[in-house]
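There are 2 protein chains.
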Amino acid sequence: MSSKKPLILVTNDDGISSPGIASLVDAMKEIGEVIVVAPDKPQSGVGHAITINSTLRIHKTKFHDVQEYSITGTPVDCVKMAVNKILKKKPDLIVSGINHGSNISINVIYSGTMSAAVEGAIEGIPSVGFSLLNDSIDADFTASKHFAKTIARQVLDHGLPKDICLNVNIPRLHLSEIKGIRVCRQARATWIEKFDERKDPGGNPYYWLTGKFVNYDEGKKETDVWAVKNNFVSVVPVQFDMTGYSALPALEKWKWKMK
Amino acid sequence: MSSKKPLILVTNDDGISSPGIASLVDAMKEIGEVIVVAPDKPQSGVGHAITINSTLRIHKTKFHDVQEYSITGTPVDCVKMAVNKILKKKPDLIVSGINHGSNISINVIYSGTMSAAVEGAIEGIPSVGFSLLNDSIDADFTASKHFAKTIARQVLDHGLPKDICLNVNIPRLHLSEIKGIRVCRQARATWIEKFDERKDPGGNPYYWLTGKFVNYDEGKKETDVWAVKNNFVSVVPVQFDMTGYSALPALEKWKWKMK
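Quick mapping for you: the protein sequence lines, in order, are chains A and S.
Just so it is clear: in the first sequence, position 105 is 105 by this note's numbering, and no numbers are missing.
Just so it is clear: in the second sequence, position 164 is 164 by this note's numbering, and no numbers are missing.
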């Protein structure tokens with residue numbers, strides 16, 4: 001293990017035993033020293049959740065042939081514990097994923113995968129979340145592994161702009177079918193929710209969250225939705241300053257009444 | 001109940017039985033028709049989490065003298081269920097809180113209170129999160145109630161800029177000590193984490209997340225941290241487009257290698 005190898009922290013939100021993280025570990029082993037700190041169970045959709053009302057445990061695990069720990073918490077907990085408790089030095093790169101499913105557009109805000117990358121950026125570490133547009137446990141991660149490796153190498157070479165991480169989405173295609181990599185903005189889109197109502201054996205209702213993805217930026221070539229639909233890998237720079245700067249002048253003009 | 005009264009959805013992250021939401025319901029009753037849809041238990045720090053791997057239940061409750069439901073989910077689940085399942089029409093305003101504790105600066109990203117407001121904005125509804133800088137169950141919400149009412153009224157009058165919600169933080173002071181309302185940006189700050197290690201009765205370690213808030217924007221008058229420290233109520237416009245636009249030109253210049 002050469003001391004010149006970059007130290008790469010790998011995490012995810014599908015849990016430490018998912019095929020997606022195994023693919024990411026494989027890809028990162030070729031370019032650096034890998035340490036895995038990941039949730040002990042699936043944490044999809046937890047967003048930027050942190051564990052403050054209960055305790056956390058760290059367990060040494062051996063799913064992959066690297067130094068590895070599972071955490072009884074969220075993806076963001078994993079990054080915080082790795083950086084502040086487990087690792088002896090700051091990692092050179094944090095990678096999260098490879099997520100089983102899309103994190104384009106508004107999904108960035110619900111995604112545990114991306115929240116781990118955002119937390120990395122908050123801690124001042126170059127961070128990238130990778131997602132494959134395929135939910136299946138049997139998804140083929142060949143193309144995703146390829147792009148995880150090439151993009152991670154470029155981030156290690158260039159660094160990232162201050163306070164920025166990357167949201168990378170890979171279309172569900174063979175490597176030869178992918179046209180290239182496009183830098184994009186987050187498409188303006190939303191989920192129109194439906195709640196699938198069922199009855200328990202006692203006749204009482206319960207609900208499953210489902211929904212339909214509606215893209216308000218249909219056909220706009222600068223968006224991530226357009227990129228993946230047109231066989232490109234999308235790369236969106238993501239920031240954690242949520243201030244709506246464009247709204248400041250209008251709000252400053254309000255006569256804020258005290259009573 | 002006049003049909004001209006605005007319909008106001010009240011939610012929070014401290015749970016439906018917390019004193020903070022009771023204060024917010026009281027304040028909103030004076031200006032509109034109030035419906036409460038809130039988590040059945042505390043959900044602090046859950047960020048923008050949604051429930052996708054388990055089911056949700058709705059229970060009619062009677063904590064406050066209004067139409068009211070508790071949900072076995074997160075604050076974002078509550079907004080989604082209220083808007084898409086429970087309410088007969090779109091609310092005119094969503095208010096979240098009053099949170100027991102600060103949501104200034106980077107806390108916006110971890111906050112269930114603010115994530116409910118952000119979800120409201122995603123659904124195209126004027127939304128405001130309110131937080132009092134006092135964690136105590138015995139906190140005095142008098143000043144907070146006052147500002148919740150006056151700010152909610154102004155939002156109902158003006159509307160909000162597109163895709164924007166408001167993050168309002170109220171200092172821990174008597175009403176007479178508060179100097180006014182300031183429109184701000186989110187201060188650049190972070191938590192330096194510590195993990196408080198303890199041993200269980202079997203001698204195995206477990207951890208509590210703790211941390212120290214570090215403000216990189218100390219003394220900057222345009223920030224929310226400065227405002228609350230200087231006895232102002234802070235109002236930050238918050239957006240859900242997380243694209244780091246300023247980073248796009250630099251990233252577009254990279255020679256993105258396919259191999």
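Check the hints yourself; a few may be wrong.
Below are the BS3-like pairs computed for lysine-lysine, each with C-alpha atoms no more than 27 Å apart in a straight line [stated by the list, open to error]:
1. 257(A) <-> 85(S)
2. 194(S) <-> 162(S)
3. 149(A) <-> 62(S)
4. 212(A) <-> 162(A)
5. 257(A) <-> 62(S)
6. 162(A) <-> 220(S)
7. 29(A) <-> 149(A)
Quick caveat, the hints were computed from the structure, so don't treat them as lab data.
Treat the numbers as computed from the prediction; the structure is a model and nothing was measured.
Hint check results:
Restraint check for residue 257(A) and residue 85(S): the C-alpha separation of about 35 Å exceeds 27 Å, so the hint is violated. With a C-alpha separation of about 39 Å, the suggested pair residue 194(S) and residue 162(S) falls outside the 27 Å cut-off, and the hint is violated. For the hint pairing residue 149(A) with residue 62(S), the CA-to-CA distance comes to about 55 Å; that exceeds 27 Å, so the pair is violated. Between the alpha carbons of residue 212(A) and residue 162(A) the distance comes to roughly 35 Å, so the proposed pair goes past 27 Å and is violated.
Among the hinted pairs, residue 257(A) with residue 62(S) is inconsistent with the structure: their alpha-carbon atoms are about 33 Å apart, more than 27 Å. Simply put, residue 162(A) and residue 220(S) have alpha-carbon atoms about 19 Å apart, close enough for the 27 Å limit, and the pair holds. Restraint check: the Cα-Cα separation between residue 29(A) and residue 149(A) comes to about 9 Å, which is no more than 27 Å; the hinted pair holds.
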